[in-house]
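Each chain is listed here by its residues.
6 protein chains.
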Amino acid sequence: MFFHDDELQFEVEVEEPNPYFAKMLQQAIGGAEGEMRVALQYMFQAFAVPAEKQEFRRLLMETACEELGHIEMLATAVSKNLAGAPEELREEAREDAVIDAMMSGGQPRQALSAGLHAMPVDSNGVPFTGGYVVASGNLAADMYANVMAESTGRLLATRLYEFTDDPGMKDMLAYLIARDTMHQNQWHAALEDMGEHVPVPASFPQEKENDDWNYAFMSTYREEREDPGRPWTEGTSFDGKEEFTYSPDQPGGGPPDLEEVIDEMYNEVN
Amino acid sequence: MFFHDDELQFEVEVEEPNPYFAKMLQQAIGGAEGEMRVALQYMFQAFAVPAEKQEFRRLLMETACEELGHIEMLATAVSKNLAGAPEELREEAREDAVIDAMMSGGQPRQALSAGLHAMPVDSNGVPFTGGYVVASGNLAADMYANVMAESTGRLLATRLYEFTDDPGMKDMLAYLIARDTMHQNQWHAALEDMGEHVPVPASFPQEKENDDWNYAFMSTYREEREDPGRPWTEGTSFDGKEEFTYSPDQPGGGPPDLEEVIDEMYNEVN
Amino acid sequence: MFFHDDELQFEVEVEEPNPYFAKMLQQAIGGAEGEMRVALQYMFQAFAVPAEKQEFRRLLMETACEELGHIEMLATAVSKNLAGAPEELREEAREDAVIDAMMSGGQPRQALSAGLHAMPVDSNGVPFTGGYVVASGNLAADMYANVMAESTGRLLATRLYEFTDDPGMKDMLAYLIARDTMHQNQWHAALEDMGEHVPVPASFPQEKENDDWNYAFMSTYREEREDPGRPWTEGTSFDGKEEFTYSPDQPGGGPPDLEEVIDEMYNEVN
Amino acid sequence: MFFHDDELQFEVEVEEPNPYFAKMLQQAIGGAEGEMRVALQYMFQAFAVPAEKQEFRRLLMETACEELGHIEMLATAVSKNLAGAPEELREEAREDAVIDAMMSGGQPRQALSAGLHAMPVDSNGVPFTGGYVVASGNLAADMYANVMAESTGRLLATRLYEFTDDPGMKDMLAYLIARDTMHQNQWHAALEDMGEHVPVPASFPQEKENDDWNYAFMSTYREEREDPGRPWTEGTSFDGKEEFTYSPDQPGGGPPDLEEVIDEMYNEVN
Amino acid sequence: MFFHDDELQFEVEVEEPNPYFAKMLQQAIGGAEGEMRVALQYMFQAFAVPAEKQEFRRLLMETACEELGHIEMLATAVSKNLAGAPEELREEAREDAVIDAMMSGGQPRQALSAGLHAMPVDSNGVPFTGGYVVASGNLAADMYANVMAESTGRLLATRLYEFTDDPGMKDMLAYLIARDTMHQNQWHAALEDMGEHVPVPASFPQEKENDDWNYAFMSTYREEREDPGRPWTEGTSFDGKEEFTYSPDQPGGGPPDLEEVIDEMYNEVN
Amino acid sequence: MFFHDDELQFEVEVEEPNPYFAKMLQQAIGGAEGEMRVALQYMFQAFAVPAEKQEFRRLLMETACEELGHIEMLATAVSKNLAGAPEELREEAREDAVIDAMMSGGQPRQALSAGLHAMPVDSNGVPFTGGYVVASGNLAADMYANVMAESTGRLLATRLYEFTDDPGMKDMLAYLIARDTMHQNQWHAALEDMGEHVPVPASFPQEKENDDWNYAFMSTYREEREDPGRPWTEGTSFDGKEEFTYSPDQPGGGPPDLEEVIDEMYNEVN
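Protein chains in written order, with full-length UniProt numbering: chain R, 1 to 270; chain F, 1 to 270; chain D, 1 to 270; chain G, 1 to 270; chain U, 1 to 270; chain L, 1 to 270.
Derived by calculation from the structure, the hints in this document are not laboratory data. Check before you lean on any hint, since a few could be wrong.
Claimed, not checked - Below, in silico cross-link-like pairs of lysine-lysine (BS3-like), each with a Cα-Cα straight-line distance of 27 Å or less:
id, chain 1, residue 1, chain 2, residue 2
1, F, LYS241, F, LYS208
2, U, LYS170, L, LYS208
3, R, LYS241, F, LYS170
4, U, LYS208, U, LYS170
5, F, LYS241, R, LYS170
6, D, LYS170, G, LYS241
A quick note: this is a predicted structure, and the numbers were derived from the prediction, not measured.
Generate the whole structure from the sequences, applying the supplied hints.
Written out as C-alpha cells, the structure is:
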C-alpha cells in the first residue's frame with residue numbers, strides 16, 4: 001500500500017532553463033537506465049518475495065518508493081527546463097527560444113504531446129517498456145540485475161552532470177549520484193548477506209550440468225591460438241569450485257540435419 | 001570479421017518432438033534472458049573497446065561468437081521439436097498433432113510465419129528488441145550487465161531443464177547451463193581483474209556527489225521505524241569507503257512549484 | 001514524495017489457484033486498460049500541474065497512489081494463482097499441474113522469466129509501454145483520458161469477474177470494480193467543475209478554425225445519401241454553440257501534385 | 001468495402017517548405033494523437049457492431065473514412081515541406097538546406113528510409129503501433145475513447161498551428177481543427193443518445209460491486225487530512241446514484257503472505 | 001480521398017465457430033504478413049508518388065483500397081468465429097466453450113480488451129507496428145517490398161487454409177489467396193514495365209561503387225573452400241552487367257584501432 | 001558454429017569526425033534496412049533449411065557471416081565519427097563540439113547510454129526489433145524478402161553516401177554499396193535457379209484458389225472507370241498462366257451481419 005506527500009524528496013531548482021537538457025533528462029526518467037525502470041523493478045521483485053523472507057521484501061519496497069520520488073524530481077526538472085524562464089523574460093524572446101529549440105533539435109513530443117512537460121519516454125523519444133524490468137523470482141539474480149541497473153544508472157547521471165552548468169541541476173544530480181552510490185552498495189551488501197550464490201541459481205544441482213565445459217574458456221578464433229594466460233583462462237575459478245581451463249576450439253556437434261516439415265506448411269518452393 | 005562452419009557447436013537431438021517445448025525454447029533465443037541478447041551485447045561491447053584494452057575486446061568477441069553458435073543450436077532444437085517426428089509417424093497422426101498443438105496452445109507464428117521453425121521472438125511471441133542490449137562504454141558497468149545476463153540466462157536454462165523429459169534436450173541444456181556457469185565465472189574474474197570499480201563509474205570524482213546521502217539507507221515507511229540493523233543499514237559499506245547509516249525518513253525538498261507554460265501550448269482549460 | 005506500508009490495500013485471497021486465470025489477470029496489471037497505466041498516467045499528469053492549480057495536483061496524486069496499491073494487489077493475486085496450492089497438495093499432482101498449464105496454454109514467461117510471479121506485461125504477454133500514458137498538459141484532455149481509462153478498466157474488471165468462480169478473486173474484483181465506479185465519477189465531477197471546456201482545448205480561439213466545417217457531419221458513402229436525421233446530423237451541437245448540419249460529400253481539395261525530390265535521394269528508378 | 005478518388009479531401013499548399021515542420025507533422029500522422037489512430041480505431045469499432053445497431057456502425061465508418069483522407073492530406077503536407085521548394089531555388093541552396101536540416105535536427109528516417117516523404121511514425125520517429133487503437137466491444141467505452149482521441153488530437157493540431165507561419169499550413173490545420181470540433185461534438189452527442197451509461201459498463205449489475213467503496217474518495221496522504229470539500233468528495237455523485245463520501249485512509253488488507261513456489265523454478269538462492 | 005459502402009467486399013460465412021481459428025486469423029490482420037501492412041504500405045507508397053507518375057499512384061491506391069476491404073472481411077471472420085454460434089446453442093454449452101477456449105489457449109485480449117472481436121494485433125497478440133510498412137521513395141524498391149509482402153501474405157493464407165475445415169472460411173481464404181496471386185503478378189508486371197532497375201537504385205552511378213567486390217561471391221567459411229560452381233559464383237550476373245566471381249575469403253581491413261573517448265563520458269573504469 | 005578474427009572485413013577510416021553522420025549511420029546498423037536485419041534474417045533462414053537442400057543453407061550462412069562483419073565495420077565508423085578527433089584537437093574545442101552536437105541534434109543515447117559508441121538502434125533512436133526478420137520456411141518467399149532487404153539496404157547506403165564528404169566514409173560506403181549489388185544479384189540468381197515459383201508458394205494447388213478473381217485487376221475508384229490498358233490490366237500475366245483482366249468494381253459480399261456476443265462480455269451499453 002502506498003502513500004504520498006506534497007513535497008519533493010529533494011529540492012529541484014533550475015536557474016537557466018535549457019530545453020536541450022530537458023531532452024537529456026528524459027533518459028533518466030523513461031530510459032533503460034532510468035528511474036521508472038528501477039522503481040518498477042524493485043516493486044515487482046518485492047511483490048514476489050515469500051512471507052518467510054520479509055526482510056528482503058522490506059529492503060526492496062523501501063527503495064522502490066524512494067525511486068518513485070526520483071521520477072517526480074526529474075519530471076519537475078524537465079518542466080522547469082522547458083517552461084520555467086524568469087518572469088521578465090517570459091514576454092519576450094524566451095517563448096520563441098523554446099519553440100525554436102523544439103523545432104530544431106528538441107524532443108518534439110515534449111511540446112506536441114505533453115505541453116512542455118515530462119513524458120514516460122527516453123531521451124531518443126522511445127517509450128518506456130516493461131521489458132526493462134527484471135524480476136526473476138530468484139533474489140540473487142534480482143540483486144545482480146539491481147547492481148547492473150544502478151551501475152548504468154549512476155553512469156548516466158554522471159554523464160548528465162557533465163552536460164549541464166546549471167547549479168540547481170548539478171545539485172540535483174549530485175544527490176541522485178549519491179543515492180546510486182548507496183544503492184550499489186546496498187545490493188552488493190545484500191548479495192554478501194545471502195552467502196554462496198554463484199553460479200546463479202546455486203540451488204540447481206551442479207552435477208546435472210555438463211562437467212567438461214563448465215569451467216573452460218572457449219576460444220572462437222578462426223586460427224587456434226595459445227592460452228593467453230588471463231585470470232579467466234587459468235587459476236581457481238571465481239566461485240572457488242574448480243580450475244579455469246582454456247579450450248582453443250569449440251566442441252563441435254555435427255550438422256543440424258533437419259527433415260522436411262509437413263506439407264501443409266507449403267515450405268516447398270514448387 | 002566473422003566466419004562459420006557447417007557443424008553445430010554441440011549436438012542437438014530430440015527423441016520425442018514436443019511443440020509446446022518448442023514454444024518454451026523461444027525464450028532462450030529471442031527473450032530478455034536469451035542468446036540473441038548476449039551475442040549482440042558482447043559484440044557491441046567489444047566494438048566499443050579502445051585499442052589499448054585489446055584483451056577485453058578479445059574476451060568479449062570470443063564469447064560473442066560462442067553465443068551465436070548457441071542461437072543456432074536452439075533454433076535447431078525448435079525445428080526438431082516442431083517437425084522432427086519419426087518417419088513412420090509422418091503419414092499418420094503426427095501432422096494433426098502438431099497442428100492441434102499450434103491451434104490450442106502453441107505459438108501460432110511458429111507455424112504461420114515460419115513454417116514450423118524458430119523465430120527471433122520470445123516464448124510469449126514478442127519480438128527480440130535491441131533495447132535488451134547493454135553496452136555502456138564503461139567496462140565495469142558492462143561486466144555487471146554480463147553477470148546479470150548470465151545469471152538470468154542460467155536461471156532460464158535450469159527452468160527449461162525441468163520442463164522437458166527428453167534426453168536429447170536435457171543434454172543440450174546441461175551443456176548450455178555449464179557454459180553459463182563458465183560465463184558467470186569469467187565476467188566476475190574480469191571484474192576482479194579491473195581492481196576497484198565500485199561505485200561504478202569509479203572514475204567520477206566522488207567528492208562531487210552529495211555526501212550527506214551517499215551511504216545512508218533511506219526508509220520510506222509511512223510510520224518512521226527504527227534501524228532494523230541489517231548489513232545495509234550499519235557497518236562498513238561494501239566498497240569499504242564509509243559506514244552505512246540509517247535514515248528513518250526522506251530529506252524533503254519543498255513543493256515543486258511549477259509555473260504556467262507559454263500560451264501557445266493551449267494548456268489552459270478555457 | 002512517496003511512502004509505503006506492509007499491508008495490501010485490500011485483502012487478496014485465492015481458494016482454488018488457477019494458472020490460466022493468472023494469465024488473464026496480467027491484463028489488469030500491464031495491459032492498456034491496466035493499473036500500471038492509470039498509476040503512471042495520473043502521476044505524470046500531476047507532475048505537470050502548475051502551482052496555482054494545486055487542488056488538481058492533489059486529486060491526481062491521491063488516486064495515482066491508490067492505483068499503485070492495486071498493482072500490488074493484482075501481483076499478489078497472480079502469485080497466489082500460480083503458486084499458492086494448499087500444503088497437502090504440494091507434494092503431489094499440483095506441481096505437474098502448474099507446469100502442464102504453463103506448457104499448454106499459460107503464459108510461458110510467468111514461469112520462465114519470473115519464477116511463477118507477476119510481470120509488467122499484458123495477458124498476451126506484451127510488455128507494458130509508456131505509450132499508454134496520456135498526460136497532455138491540458139487538464140480537460142487529461143480528464144477525458146482518465147474517464148476513458150477507467151471505463152475500459154472497469155469493463156476489463158467486469159470481464160475478469162466472469163472468468164473466475166473463486167470467491168476470493170470475486171471479492172477482490174468487486175472491490176476494484178467499485179473503485180473504478182468511484183474514479184469514473186470523480187473524473188466526470190472534475191470536468192463539471194472546470195466549466196465549459198468543449199471542444200478541447202477551449203482556450204484555442206474558435207474563430208481561427210475553418211467555420212464551414214466545424215459543425216457539419218460529413219458522409220463518406222460512395223453513393224450520396226440523405227441526412228439520416230440523427231442527433232449528430234441535426235439539432236443543437238453538444239457544446240451548445242451551433243447547429244449540426246449534414247454534408248452528403250467531402251469538400252475535395254484537388255490532386256496532391258507532388259514534385260520530384262532532389263536527386264541525392266535516388267528516388268528515380270533508373 | 002472501401003473506395004477512393006484522385007483528389008485530396010481538402011487542399012494542401014505549402015508556401016515556404018520547412019523540413020523541421022515536416023518532422024512535427026509526423027505526430028499528426030503516426031502519433032498517439034494522430035490520424036492513423038483514429039482512422040483505425042473507428043474502423044475496428046465499426047467492425048464489432050452487431051447488426052441491430054447499424055446506425056452506430058454507419059456513424060463510425062463515415063468518420064473512419066474521413067480520417068483516412070486526413071492521413072493522405074498530412075502525408076502530402078510532409079512531402080511538400082521536405083521537397084517542394086520553388087523551381088528557381090532547386091538548383092541552388094535548397095538542396096543543401098534540406099540535407100543540413102535532416103543532419104542536424106530533422107528526422108533522419110524521413111530522408112534515409114523514405115526519400116523525403118511521410119512515414120507511419122510519430123514526431124519522435126517512433127513507429128505507429130496497434131496498441132493505440134481502442135475498440136472495446138462496448139460502445140459507451142468506445143465513445144469515451146473517441147472523445148479522448150479527438151480531445152488530444154485537437155490539442156495537437158492547435159499546437160502545430162502555433163509552430164508554423166505558413167498560410168497554406170495554417171489553412172490545412174484550421175480545417176483539421178474544425179473537423180476535430182465536429183468529431184468531439186458528435187461522439188458526445190452519441191453518448192447522450194445512448195442514455196444512462198455511467199459507470200461504464202452500465203450493463204454490469206452494480207449490486208455485485210463492493211458497496212462500501214464505490215462512491216468514496218480515498219485519500220492516500222501520509223498524514224490523514226480532513227475532507228477538502230471538493231465536488232468529488234461530497235454532494236451527489238456524477239451518475240446521480242449516491243452521495244460522494246471522503247475516506248482519509250485506505251482500507252488495508254493485511255500482508256500478502258506468499259508461499260514459496262515449487263522447487264523446479266529454482267527461486268531458492270542456494 | 002476515401003469512401004465506403006455497407007457491404008463487405010466478399011461474403012464471410014462461418015459454419016462452425018472456432019475460437020482458436022479466430023486467434024490464427026489475427027495474423028492476417030495485424031501481422032507482418034497481414035492486410036494492415038499492405039493496405040498502409042501501398043497507401044504510403046502512393047502518397048509519395050510525384051505528379052508525373054500518376055499511373056503508379058493510381059495502381060497503388062486501387063490496391064490499397066482493396067486491402068482495406070480485406071481487413072474488414074477478416075475482422076468479420078474473427079467476430080464470427082468468436083461469437084457467432086448458432087442460435088440453438090447460445091443458451092447452452094457454447095458460452096462456456098468460448099470462455100474455456102480463451103482461458104486455455106485462445107488470445108486473452110480478444111475477450112478482455114475487445115469483447116470477442118478482432119484487434120490490430122498478430123496471432124501471438126503483438127500489436128501491429130508502423131515498422132512493417134516499407135515506402136522507400138524509390139518505386140522499384142517499393143515494388144520488391146510489395147512482391148515480398150504478397151509472397152509471405154499468400155503463404156500465410158495457404159497455411160490458414162490448412163488450419164480450418166469450415167467451408168465458409170475456406171471460401172473466404174480461397175478468395176484472398178486468389179487476390180494475392182493477382183497482386184504478386186501485378187507488382188512483377190510493374191517491375192517489368194519499369195525497364196532496367198537492378199541493382200536498385202539503378203539511378204546511382206555504378207562507377208562510384210567499389211568494383212573489386214560488386215560481383216564477387218564472398219565465402220566466410222573458416223577453412224577456405226573451392227568455388228562450388230553455383231549460379232551465384234560463376235556465369236553472367238543476373239543484371240547482365242558482369243561475370244560472377246568467387247572469393248574464398250574476405251578482404252580484411254586491419255584492426256579497428258579505436259581511441260579512448262573524452263573523459264566526460266566516464267568510460268574509464270577507475 | 002561461428003568464428004572471428006581481429007581484423008575488420010574492410011578498412012574503416014574517418015578523416016573528419018562528424019557526430020551528425022554518426023547518427024545517420026545508425027540506420028545502417030539497427031534500422032529496418034540495416035545490417036543487423038540481414039545478418040539475422042539470413043541466419044534464421046539458414047537455420048530452417050532441411051538437410052537435402054544444403055546448398056541453400058550454405059549460400060545463406062556465407063552471407064549471414066559477411067553481414068555480421070558489416071555491423072562491426074559500421075559500429076567502428078560510428079565510434080570514429082563520435083570520438084576519433086585528431087590528437088591535437090582533443091584538448092580543445094573538439095570535446096565541446098561533440099557535446100554541443102549531442103545536445104542540439106545528435107542522438108542523445110549515443111552519449112548517455114553508450115559513451116559515444118554505436119547502439120543496436122536506428123537513426124531515429126528506435127531499437128532494432130526481431131520483427132524486421134523474415135524467415136518464412138519457404139525459400140522463394142525468403143529470397144524475395146532478401147531481394148527487398150538488399151534493395152532498400154543499397155538505397156539507404158547510396159543516400160548515406162550523399163550525406164558525407166569524408167573520403168574514408170565514402171570508401172567504406174562504396175564497398176558496402178558494391179556488396180549490396182552482389183547480394184541483389186545472388187538472390188535473384190537463386191530465384192532463377194529454383195525454377196517456377198510464382199505465385200509464391202507455388203506448391204499450393206492453384207485449383208483451390210478462387211478462379212474468378214486470381215488474374216483480375218480490381219479497381220476501387222468511387223466512379224467506375226474504363227480499363228486503363230496497362231501491363232497489369234491486359235495481356236498475359238507475369239507468371240504466364242492466364243490473361244490479366246480488368247474489373248471496374250469489387251465483387252461485393254453483403255453486409256457483415258454480426259450477432260450480439262455473450263452477456264458475460266458486458267458489451268451492452270446499459
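Hints and how they fare:
1. LYS241(F) to LYS208(F): Roughly 15 Å separates the two Cα atoms, so the pair holds.
2. LYS170(U) to LYS208(L): Roughly 9 Å between the alpha carbons, so the hint for LYS170(U) and LYS208(L) holds.
3. LYS241(R) to LYS170(F): holds, 23 Å
4. LYS208(U) to LYS170(U): violated, 52 Å
5. LYS241(F) to LYS170(R): holds, 23 Å
6. LYS170(D) to LYS241(G): holds, 23 Å
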